Amino acid sequence: MSELLVNEKEIVIPGEEVAKGMDFLPSMGTFREGESVYAKKLGLLEVKQHVIRIVPLNGYYMPKRGDTIIGVITNTGFSGWTVDIGSPYDANLPVGESVRGRLELLRSDLSRYFDVGDIIVANIYNVTKSKIIQLSMREQGLRKLNGGRIITITPSKVPRLIGKSGSMIVMIKKYTNCDINVGQNGYIWVNGPLEGQYLVEKAVKLIEKEAHLSGLTDKVKEMLEKEGVKNE
Amino acid sequence: MSKRPDGRKVDEMRDIEAKVGVIEEADGSAMFRIGNTIAVAGVYGPKKVVPRHLEDPEKAILKCYYDMYSFSVPERKRPGPDRRSIELSMVIKNALAPAIFLKEYPKTQIEVFVSIIQADAGTRCAAISAAAMALADAGIAMKDMVAAVAAGHVNGEVVIDLNKEEEDIEGTSDIPMAYMPRTKKITLLQLDGKLPNDKLKAVMELGTKSCEAVYEVEKKALKEKYTPAESE
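Respectively, the protein sequence lines represent chains A and B. The numbering of the first sequence is the numbering used here, which starts it at 1 and goes up by one. The numbering of the second sequence is the numbering used here, which starts it at 233 and goes up by one.
Extracted from the complex, chain B is given alone in its bound form (with noise of 0.2 Å):
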């Protein structure tokens, strides 16, 4: 079995860290870092909705901004929204829609605002996985966590967690996949480049073991905030 790039097991995923409650003054807000991609995300609402003919009398409406800061990726990026930055923005938020229990704050809108500070790979995932944390933390009613990392096939081979590098590489799928862990629901699957029929199926089961994975992560950082040792 020949090695990564970075010298990883084929099912190992790079270093996980999380923290809820960064952001003081946001009602809600995380941060994942894997490997060498951090997403910070905050959540404010649920609140008054602007402008007020997109309110919905029955449901609360989620909206997203996902942001790559100029500094996150070695070439400087332009600042501000771009094609690539509002899709992302959409799959986000369809990605966590379905976690929600929206129905309970009706005429209302919860915003999650996450911002990028370092790209290596695998920004999306990172992304849904602070936003899912920073929700959590906002007391926002959800039927469940999500919990997001990409999967790949890189040089024949079925791969957890691409980074930039191996990205790079000639005829590399990605396939960013976004996974409820309690009911077992995929939120968010896409593919970027070419896969071989019979192996999607592989990808797939790697992705979602991976979720589970990322979702005990969520799971600690959450429940790690109010422990007393944290408190102190």
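With the rest of the complex left out, here is chain A (with noise of 0.2 Å):
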């Protein structure tokens, strides 16, 4: 017999027992041992028919293929730059991925490109065992972001802060008149008014301490709501 030990949003601690039984699938943030199902981190837990999830609470950003990513320019290297993505791993840009047409590399100098501190929108195409993470700006929509700033999320809580087909997202952008762009490793490039772009960072921090919670969408538009008189 398999059965659900824990209620779905629930919070676990690693090593909780979440379900017993073969019937159940372990998913990101959860392990088997022998019959049962166990949390790997502490997080909200979720269910999909027999699939079970932990959303963590907290955490840096893991990369993985398909991603796309805001990263910082950090070094310009002979044939590429390396990219701050906000994990523990530096990710690569080789130039072959980013700058269109030939271009002759002992002869130019890839800062006219991209600069240190220059920030990007690119696709994760590969992440090898050992964690070397490649990658590239081939796609429509993916380029260098000019001027504007980095505001910082935990990785697990973009799904929030975009919200159900993107209502969290494009309501903020109503209220702030910013330019916002949320990458999938939780960092968020804002630009615009001032005042708008410290209304999104508060807006950020109330999502990122409440993301566990429900009815956040409506908490932060009374936010948004009373703070942003100020800008009418």
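Honestly, the hints are just simulated from the structure, not real lab data. Treat the hints with caution; some may be incorrect.
[What the hints assert, rightly or not] For lysine to aspartate or glutamate, the following EDC-like pairs were computed, each having C-alpha atoms within a straight-line distance of at most 20 Å:
#: 1; chain 1: A; residue 1: K202; chain 2: B; residue 2: D288
#: 2; chain 1: B; residue 1: K455; chain 2: A; residue 2: E17
#: 3; chain 1: B; residue 1: K455; chain 2: A; residue 2: E210
#: 4; chain 1: A; residue 1: K129; chain 2: B; residue 2: E287
#: 5; chain 1: B; residue 1: K455; chain 2: A; residue 2: E208
#: 6; chain 1: B; residue 1: K375; chain 2: A; residue 2: E33
#: 7; chain 1: B; residue 1: K457; chain 2: A; residue 2: E208
#: 8; chain 1: B; residue 1: K452; chain 2: A; residue 2: E210
#: 9; chain 1: B; residue 1: K451; chain 2: A; residue 2: E8
#: 10; chain 1: B; residue 1: K251; chain 2: A; residue 2: E8
#: 11; chain 1: A; residue 1: K205; chain 2: B; residue 2: E257
#: 12; chain 1: A; residue 1: K131; chain 2: A; residue 2: D90
#: 13; chain 1: A; residue 1: K209; chain 2: B; residue 2: E257
#: 14; chain 1: B; residue 1: K455; chain 2: A; residue 2: D90
#: 15; chain 1: B; residue 1: K339; chain 2: A; residue 2: D90
#: 16; chain 1: B; residue 1: K451; chain 2: A; residue 2: E17
#: 17; chain 1: A; residue 1: K129; chain 2: B; residue 2: E256
All figures in this text were calculated on a predicted structure; none of them were measured in a lab.
Two chains, two frames, some hints: make the complex.
Given below as structure tokens:
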């Protein structure tokens, strides 16, 4: 007999038994030992049919192939760049994956394209077992972001920041008149009027703090309405 | 049955208080108080390894720093690491390492800093319990929690959680234990003093039973950080 021992959306701690029996499949943040499924991290339990998953409440970004991320250039090399993506591992962005057309490496200065401190949107196209991360900017919409600044959020809370089909992020954009770009690594790029930027930061902090509670969109809306009056 | 110096029963621990998230800037943090002993732990990482040559391409390395503050004891302790604290740092590291999925974070380091701000015996156990909670709070993948408490043998009786007064009684032995409650494995077992052969089993039984009680406190503290009443 298989049974779930913890209710959905409840907080679990590492080592806690969440389900008994072979009918449940352990997914992200859980592991199986013997017949039972246990939690690996402090987080919220999520069950989809028979797949058990934990949404962690804290932790650094662990790179995954296919993620669209925001990064900051930290070094210019001979044939590419090193990018900080808010994870314990640095990412590599080769010239061939970012600059269009042919270019003579020996004769060109790569900092003409991206320089240290530049902010980019890129795609993770490969992560090796030893955590060498390769980025690509070949797809549409992947580009350098001019101006603005970076705010961070715990990566597992990014879905809350975006909301159901983008409802949360659209609302924040509307109230603050800011351009916002959210990477799946928890880096958020913001550009716009200064008051708006402060308001975005405040909203992000509120989401960070209360991501595990329900009724978040209403709470953020209330906060934005109260604080936003000054901007009108 | 003779009473203990502070009037506790032989299987009664001092009052325990635990709090998670006490250091804002740390990735994870916790405070653990048992009687007059207070330990504060901060966890940083996983992050890049410094110095680089210590890096392990297969798994994360765990670094622990145990520090007893100069004002934590009746007579001023010379600040900084000494022989005792270096040894305890190693002991704490070995007690925590089996509980962490180090292989999930190759090429990184996880740093654990434990500060004893008030000492009344049992500091290494308080440090382990605080550090385990801080690791969970940092969102690090763990197989199990670790709970620790010191058992002992005073005046011919098996007792739990000695304080400094009891520890100083002639002929006392002190047995600190760390225990993983899910897997029922012991990760730390030391003996200071002499213990009759036939008493060890009783001491360890009492020790594991009390570790289970410490685990319940840890569990409650971790869940409390995210209950709505707290975040208001």
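Here is what the structure says about each hint:
| no. | hint | in the structure |
| --- | --- | --- |
| 1 | A:K202 with B:D288 | violated (39 Å) |
| 2 | B:K455 with A:E17 | holds (15 Å) |
| 3 | B:K455 with A:E210 | holds (14 Å) |
| 4 | A:K129 with B:E287 | holds (15 Å) |
| 5 | B:K455 with A:E208 | holds (17 Å) |
| 6 | B:K375 with A:E33 | holds (10 Å) |
| 7 | B:K457 with A:E208 | holds (14 Å) |
| 8 | B:K452 with A:E210 | holds (19 Å) |
| 9 | B:K451 with A:E8 | holds (18 Å) |
| 10 | B:K251 with A:E8 | violated (25 Å) |
| 11 | A:K205 with B:E257 | holds (14 Å) |
| 12 | A:K131 with A:D90 | holds (9 Å) |
| 13 | A:K209 with B:E257 | holds (14 Å) |
| 14 | B:K455 with A:D90 | violated (33 Å) |
| 15 | B:K339 with A:D90 | holds (11 Å) |
| 16 | B:K451 with A:E17 | holds (13 Å) |
| 17 | A:K129 with B:E256 | violated (33 Å) |
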